[in-house]
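Dock chain B against the given chain A, drawing on the hints supplied.
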Amino acid sequence: MVALLLPSLAFLLAFFIAPFVMVAFASLQDKTGAWSLANYARASSDLFYWRTLLLTFRISLWTTLVAFAIGYPLAYYITLVVKNRAIRRLFYIIVVTPLFTSSVVRSFGWMVLLGRRGLVNDALVASGLVDRPLPLMFSEAAVVIGLSYIMTPFMVLTVSSVLQNIDRSLAEAAEDLGASRLVTFLTVTFPLSLPGVIAGSLIVFTLSVSAYVTPSIMSGGKQVVMSMLIFQQYGSVFDFNFGATLAVALLVTTLILVAGYLLAIERRPRAGREVA
Amino acid sequence: MIGRMGFAVLLGVAVMVPGVAPAAAQGLTAAYYGGSWGEAIHKCIVEPFTKQAGIAVTPEPGVSSVTIAKLQQQKGHPAIDVAWMDGGISELAAAEDLVAPVDPKAVPNVADMIPEGVYHKPDGSIYALSTGFYALGIIYNTKEVKNPPSSWWDLWNSDYSGAVTVPSPTNAMGVPFIVEIAKLSGGGVDNVDPAMKKLKTLKVSSFFDTSGGADNSFQSGEAIIGAHYAQAGWALADKGLPIGYAVPKEGALGGDIRIHIVKGTSKLAEAEKFMNYAVSKDAATCMTDFLYVGPATKGVAPTEKARQRLPWGPNGSVKNLALSDWNKINAARAKITEMFNRDVVGR
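As given, the protein sequences belong to chains A and B, one line each in that order.
The opening position of the first sequence corresponds to residue 1 in the working numbering, with each subsequent residue numbered one higher.
The opening position of the second sequence corresponds to residue 1 in the working numbering, with each subsequent residue numbered one higher.
This is chain A alone, in the form it adopts within the complex:
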C-alpha cells in the first residue's frame, strides 16, 4: 500500500510542499533576508487586508451557491432523468466544453453579453424594462457570474458521479411505500447525494478563492480580491516577502474555513454516512 502512495507523495512534495515551504520562509523574512514577523504584523493590523479577505470569501461563497443552484438540477437531470446513454454522454461533453477554453477568452466573452451594449442590456432596453443600460460589467456581481460559469462544471461532475451510484431501488422502495416524488427526493435521494455536494462545493469554493484571471477581468479593477493583491506584490511592486505573507494568510484562512465546514458536517447526524 505504501509503495502505491509513493508517486503521489513525491508529486505532492515536489510541486506543492516544497514550493509552499519556500513561500512560507519568504513570508517570514524582511527585504534584507532577516527573520521577522513584520509582514504578518502589517497584514493583520490593517483592516484593508481583512476587508479584502472578506470580499474574497463572500464572492467565493456566492459562486458556490450559484454553482450548486445551477449544477445540482443539471446533474440530477443528466443522471436520473435522461435515459438514453448517448444523450447523457452528449450532456457531459456540453458541460465540460467550457473548461477547454482559456479563462481569459471566457471572461472577455462575458463583455459581449453583459456590456453596456451587450445582448442582455440590448434586450432589457428593447423590451422597455429599463430606460438606460445597466452597469452589469465590472462589478462584484460580474465576478460572481464569471466565476459561477467556470465553476458549475465541477459541481455537475462531482454531484452526478455520486448520483449515478445511488441504488435506485431505494427510491423505488420509498415510492412503493407511498412517498411522493418530492418527499422521496428530499428524504432519500438528496441526503444520499450530499457527499457529492460537499466535495463539489469544496472544489468550487477553493478554486474561486484562488482564481485570478476572472476576478481581475470581470471586476474591472474596481474590486480587489486577495489573488489580485498577491499578484500586485509579486508582479509589479516586487515585494516577494509581503506577497508571500498574503498568500500564506489566504491559504491558512481558507484551510480553517474548510476545516470548520467539514467539522460542522461531521457533527450533523445522518449526513452522508450511508454512502461512506
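Please keep in mind that the hints were generated in silico from the structure rather than gathered at the bench.
Among these hints, one or two may not hold up.
Unchecked claim - Partner residues are not named here, just some residues of chain A that face chain B (Cβ under 7 Å, in silico):
1. Ala24
2. Gly115
3. Gly235
4. Val237
5. Asp239
6. Asn241
To be verified - If you want a taste of the chain A side facing chain B, the calculated C-beta under 8 Å gives, among others:
7. Phe48
8. Met111
9. Arg117
Backbone N, C-alpha and C define an ideal beta-carbon position, used for all residues, glycine too.
Chain B in isolation, oriented as in the chain A frame:
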C-alpha cells in the same frame, strides 16, 4: 468522472515531460516580449541580424517582470545573454547588478542615439539602450466623443461619466499615471494625495491591469475615453473601429523598451554585436514603421503613416513626452499601490 480522468491524464503528462534544459547551443539567447512587440523585435532585429552576422538567436519569451525574475535566479550563470526590459524594470535590473556595462567602442551605434535613449549608472557607465519609445496618451471613441480631448482633465468631463478607463497600478504605466495626475494637481511622486483625491472623483468604467483589457473595453463600447497606449489605439483604428489618439497638452506619458547585455554572459562579443544591430538605423526604422514607436536612434525616416502615428505626434520629438523618473517611482511604488487600493478602489 470525466473530470477525474482528465486530471489523471494531466498528472501523467506533467510527470513525464522532462525539464527543458536552457539552450546551450551556439548562438545567443535573447529574452523579449510576446505579442506584437515580440513580432516586431523578431522581424526588425533578430531575423536580419541572424542573416547578416550568421549568429542564431533563440528567443526566451516573457514580460519584463518575468524576465527580471529569471535574471535574478540565473545571477552568475545566466542562460540568457541579451534581455529586453521596460523602463522601470530596467532600473531595478541595473541596481541589482544583473546587467553588464555597455562599451561604446564595442557598440559604436551608441554614438548615433539621442541622449534620452542611453541610460547611465551613477558611475557613468551605460547599462541600457532604448529600442523605441511608446506613449500613454488619450484614446477615445471618435463617434461618442465629439470634441477631440486635449488635456488629461477631459477624462473628468461629466459627459463621459462611467465610460472612462485608466491603468491600475499593476499596469506598467499605472503608477507613472498617478504620479502625473499628482504633479498636475500640486503634488508629486512624494505626495500623491492630491492624485488620490482626483482619482476618487473619476467615474471610471474600469481600471485596466493589461493593455488587452483596455482594448476590449474600447472595442465593446464599455469605455469611450481613457488613458491608454497610443500603439494599442492605432491597432484598434486599423481594425476599422472609430478610435482616435490625442496627445494631452500636458504631454503624453513616455516609456520605452530597452535592450541590456546580461552580466556574466559567456558570449559577450556576440551580445555586443547584437545590441549594436538592435540600435542601428535600419532596425530602428523598421521598429518605427511596424509598431509606430518613437525611435531612439537619430536620422530615422519613417513612412508618412508611421510619422503621423508617432507617440509624440507627427511633428514632436522625445522632448514632448513626459518621461518618468523611474528610480523615484520604484522607490514609491509600494506605497502608491497601497494607497490606490485603499483610497481609490476601496472607496
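Quick rundown of the hints versus the structure:
1. Ala24: violated, 19 Å
2. Gly115: Holds, about 4 Å.
3. Gly235: holds, 5 Å
4. Val237: Result: holds, 5 Å to nearest chain B Cβ.
5. Asp239: holds, 6 Å
6. Asn241: violated, 11 Å
7. Phe48: Since chain B brings a Cβ to about 5 Å from Phe48 (chain A), closer than 8 Å, the hint holds.
8. Met111: holds, 5 Å
9. Arg117: holds, 5 Å
In terms of the numbered hints stated before, the structure departs from hints 1 and 6, listed from lowest to highest.
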